[in-house]
Structures are given as C-alpha cells and as structure tokens.
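Please model the entire structure based on the sequences and the hints provided.
Line by line, the protein sequences are chains A and B.
All residue numbers for the first sequence refer to my numbering, where the first residue is -8 and numbers rise by one.
All residue numbers for the second sequence refer to my numbering, where the first residue is 39 and numbers rise by one.
Just so you know, these hints were derived from the structure itself, not from any lab.
Any given hint could turn out to be false.
[To be verified] Calculated pairs, DMTMM-like style, for lysine to aspartate or glutamate (alpha carbon to alpha carbon, straight line, at most 25 Å):
1) K308/A - D140/B
2) K169/B - D135/A
3) K57/A - D133/B
4) K(-5)/A - E289/A
Keep in mind that this is a model prediction, so the values were computed, not measured.
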Amino acid sequence: MNGKIETVFTLLSPLSHIGESIGPNSYLSTQDMLDAEGNPISVFAYSGNALRGMWRDAGAEYMLKKLGSGATLQIPLELFYLFFSGGAIGGDQAIDIDQARRIREQIPHLSIFGGGVGNMLLPGKLSVGEALPVCRELAHIIPDYVSGNRELSARQMTTEVSYSRKDDAKDDLLRPYLQDAGIPQIGPGSQMALLPDPEQEKKKEKKENPQQMRYTMEVFCRGAALWQETFFRDLCEIELGAFVAAIAKWAENPCIGGQNRIGMGRVKAEMSFQLFGEEKEPFITVGDRCLLADRAREAKTRYDKFLEKYAGYLEEKREGLTLAIAGKVEK
Amino acid sequence: MKPLKITAYMRTGKIATTDLYLPLDAILEYVWIQQNHPELLEVSQSSIPPDELVISDLPLEKRGEGDDWYWACSFACGEPKREEIIHWHKRFDFDLGTEYIDFGNRRGKVDVKSGHYKNYRMPLVTYLVPKLEWYAVGKLIEIEVLLSYVAHIGKKRSQGFGRVAKWIVEKWPEDLSHLRAIPDPEGDMEMGIRPPYWLAWQWKRAKLSDDERLACNARLA
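Here it is as structure tokens:
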C-alpha cells in the first residue's frame, strides 16, 4: 500500500512547542516557508519529527501492553531504546536483507517507524510531515476543505501565558516543615563564630539562590486548526494496523507539544486515508473517544491478533523479542 | 526519446540538502528500485560491492562511453530563496523508561551525555525553493508514471521535508540535460556521475557546469 493519511488537529487547549528560550521566556518554533507570492515568511509549524516521536512512543507502549497480556511487559534497555527512540547503530554498517525482512515481519512497529538494529539501519515506511496552522500566510497551501480562519495571520493566533513558580521554603506557613528552619543563625563577628560548616554553606547558598520566578510561554491559541500529512510506502495490512494501534493508544490522552502536565496541547483530530490514485475515505476520529472507520478497525484487529499470537509465544519464551530483533525467529 | 523539462512545485518550499545537486535520475532510480527490487530497500546501505550493484533501466537516454556512462538528465535548476539551519532532536525518554525497562540485576542508570544512548540536537541544512526544474532526454509518459510515486525529495523525508505539491513533465525545445556532472579527465573534482551518487567507488573525475540556472550555483540574496 502506498498513500497518505491527512490529519486536521483542532486545539482544545493552548499549544506549547518551544523553538527558542530567552531567560525564563520561551517562544514558539517557527519555520521559513513561502507565501502565495513565493516570498519567504516565518510561520509557526509543529514539527513532523515531534509527531513521529510521539506516535512511535504510543505504538511501542501499545505493543508492550498487548504482549504483556494486561500487565506491562518490561524489556531490556537496548530494546526499549530501539522501540521508543529508534535505537542507534555502532560500528560499520552490516547488511543482511533476510534478517531485516524477518525483523520487519516479526515487529511491524519497528518496520513502520524504522530504527537501528545492531549494525543495520532499517528505514521506516512513514513520512510524517509538520502540522501547519490554517492561517492567512498558508491559505494557498492548506486544502480548501479544511476549515479554519484563513483571514487571520498566524501571528494573531499566538498569545503569551505567564506562570509563577513559588519558593515554598519562603512560605511562613510551610517553613516549620523545613529541616534547618529552626537553627539559630550566628552573625559575623560574633564571639561564638565557628568555621563555616560545608553542609550549612551549601544550604545557605541554596537559600540565597531564589527558586521563585515568573516565567512566560508563547503558545498557539485554543481553537486553532492545524493540517498535517503522513505518507506511507509499501505498508502491509498488519503494518497499517500497527499505525492505527499507535494512534488509538495516543488517543487515550490526545495531546501534542509540551506542558501537557498543566493541560496544554489537548487536541481533537480528524484523520482521512487515501491510497495513491484512489478516493479519500474517513479513517480515524480522535475526540472524547477514538472512533475507527472500517478500514482502520480491520487493520487494527489483524494487528491485535498478530500480537496475541506473539504474546502466547513470549509466555513460553521470555527472550522471544530479543531473538526477533536478532532475526532468529522463523516464520 | 525527446528533450523534456520536469518541474517540481514545492508545498512549503522547504528542502533538506547540503549541496542542492538533487539529481532527478537518482530520484527516478529510487522509485524504479522500489518497484523492481524492493528487497534492496529493506535496509539502508552505506556501500554496495560492484558485483551486487543493480543497474536500473530508466526511461532516459544513456550517454558517455564505457564506464563513464551517465543518464541524460540535469541536476536541479532553481532559485533558492533562503538557507536555514534547523535542528531535530533525539532524546531518551526517562518517564517511559521507568515503566518499561527491565534492568535485571544491573543498576538502572543510563548515560545520555555520551555513548550509545546519547541525546542529540542535530543541525540540518535546509533551503527554501518555490520550484525546481530538471532537463532530460527521455520518455515523457514513463517519467510521469515514476514521478507519480514521488511525494518528497531531499533528505529527512521521514520528517516531511521536501514535500512536492505537483510534478509537471513537458516537451522542451532545447536539450539542457548537460547541466550536470559530466565525466572529464580535466574535471575539477571526483564526484558521482550516475546513481547511487553517494557510492564512492564509482565516482569519476568530472566537470560540473557553472551555469547559474543550476540551483547549486545560485547565489542567495
């Protein structure tokens, strides 16, 4: 299968995606692009690499939860790094096409997102593009059927939010809980002055370096729409299922960008699917619930069955995943 | 085979490349390999021994003598508007690590400042180009078909760089396919003259035209 998946994200809370920080202030990431007249402009874009990393993490989590049959399957560090971060290769590259094929067959998650296995580099099958805001500057790029405000500049869709980080050590009500709060301070020149205690000095230094601060973040406004394309090549049904599973896992907490802990980056998403030369069809809707269209549901069911079979195998052979990565599991 | 002009209209204009050569015969060969020898794309290769090199059958005219042969297809022509170095990041996720890593009897410590698990902030050279043009001598329809599978060009396509919005292939009155690296013993440097251009053992001494239409020769404003 060759084609693309289009996604329209709608921001349900402000989005933070830092490009530059100056002191306690951070600013949104921008990219040079071309306007309708072909002139360079700088516009906010949510990076394709960030989306890819997020979906890769979700896909790996889904796989390990499923393989653990309810419990979390814990894996060696090397495998964790491969599944969640794409791994790394060391030394001269080695080529073993048969081994690469077997790895792809056994671990569809790795096949679609790619990674460095041993000394081999397995290219992924996805091209995850950046998410572009529907705005005046990019109105010539975003397809007409994508709703959003095309009259407003992307600059007008940003705002700044400020937060305070409080130093609780300075709060009189909380001070009794501080271990050294009751120690009498001996002033300089006092008869009882002793050589400074290194531990005390360290604490004093900490006290003198204020923890309290006001910081500001530039964010993209709630309600804005972002349009994004993901291209795939040579996907088989199970690999498509692995992608759908990653999205379904991500949809349990559908956030993009940073500061999710304070509620930022919450989105709803509408995804469509299109094979090259064929009509576009609805694929996945991520909102309060994750709704899968027929094609997505069937692909995910097939992937789930594949993983269930694999989970049974792992029950008997705990080192099964390590063997699969080494290409030692026969079909 | 006829002289042709091939134009790629870029979506955002952002292409990741260091040299702006972007030879179209290499792009066409990638699609040809995808269709005829997909097994070769299962794994990335940093070298190919001479006896394992697959020679593609592209709908382009072959030029040159003996081992100095090359395809009649130019390097990219166009006017880059701006150069920008952006960064992509790779980091070890400690939060997920605490949940999913089994350290066994070892101490659960991961060094992300150096070694295998190092975090990266990688610079990437990108150019902003509204459209790129190539000149070739070849078969129009067959080239159109191959290009219909090309959605991105340049590096880091996995991150969406080099997105092509539209390809146009048209007959052209002039043969400008010489706007490329041509084998020449008097040439200024050793370079690739046919795909895969990165394969160092098949580099030849060659001369690259200094024509300003070539994107690699264009001066940024």
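#### Entry: Ascending list of hint numbers which this structure does not respect
none
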